[in-house]
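Asker: So in the working numbering, the last spot in the sequence shown is 256, and the numbers never skip.
These are computed hints drawn from the structure, not numbers from a lab. Fair warning: there could be bad hints in the mix.
Calculated lysine-lysine pairs in the DSSO-like style (CA-CA distance at most 30 Å, straight line) [unchecked claim]:
# : residue 1 : residue 2
1 : Lys63     : Lys149
2 : Lys168    : Lys121
3 : Lys165    : Lys121
4 : Lys67     : Lys168
5 : Lys67     : Lys155
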Amino acid sequence: MPTLSVQQFQITDDIAPRDAEALTSINDEIVRLAERRRLTISVAGHLARSKIAWKIETFAEAVLYRIVALAEGTALSWNEAMPLPAFLCTRALVETVALLVDFEGRVSKLLDDEDLKGLDELAMNRIFSSRDEEWLKQSPEFKTVNALTHVEKLDKLLPGALGHYNRLSERCHPNSLGHHQMFTTTDYGNGAVTYDALKAMRDVPAIIAGLTLLAVAEHSLRELSALFERVSQLHHRMSPSPRD
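With these hints in hand, go ahead and build the complete structure from the sequences.
Answerer: And the structure:
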């Protein structure tokens with residue numbers, strides 16, 4: 013897919029060299045992920061032989077689009093000196109990458125177990141996941157897995173992920189780090205409180221730490237891509253498609 017207007021971080025002279033280097037790498041990752049996106053996934057080839065493979069592949073593509081959108085949203089907000097929405101996007105990106113890593117691991121294990129029913133149930137749950145109580149009364153099997161559960165699992169693979177996520181959450185929630193400490197400086201000598209919408213721009217390391225997971229997302233997507241054909245082969249072997 014053409015990357016005509018992919019949002020990237022502007023590297024300005026006031027950014028520390030180490031941070032500038034990290035943001036340059038993140039920009040490269042955003043572009044690579046954006047270039048992976050497809051406009052259409054047609055029912056052809058291995059997807060014509062397996063609806064389960066089609067479900068898994070189209071879900072993974074939607075997650076890729078979300079990851080790129082969140083990375084671009086972070087960059088755009090940061091470039092416009094709007095740190096709070098940048099933190100919000102970064103936190104959502106951490107959750108989404110954790111979801112993707114979990115999905116990839118589950119697909120791989122279910123394939124190894126030749127659990128076709130499990131693959132279909134996993135794909136259906138992830139595609140239609142919801143916390144809407146009215147929706148779940150009709151389809152309880154679509155109850156979503158809590159995002160924190162995915163992040164906690166990611167932390168076992170990448171120690172420190174949960175701690176960083178929790179710190180981002182403090183920025184994103186209307187807690188002290190999300191309002192008073194984000195925008196104010198207090199002179200305890202005279203009680204004057206000064207407000208600064210840009211104060212949190214100093215916390216670029218928090219943004220960098222979250223977006224380094226883009227490389228993890230790219231790895232998981234590559235691993236998943238290698239599994240799509242295997243899902244189709246398993247499905248076709250266990251339940252041959254009339255299209256062949």
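Asker: The structure should be examined with respect to each hint, and the outcome stated for every one.
Answerer: Hints versus structure:
no., hint, verdict
1, Lys63 to Lys149, "26 Å, holds"
2, Lys168 to Lys121, "17 Å, holds"
3, Lys165 to Lys121, "15 Å, holds"
4, Lys67 to Lys168, "28 Å, holds"
5, Lys67 to Lys155, "18 Å, holds"
In summary, the structure agrees with every hint in the numbered list given earlier.
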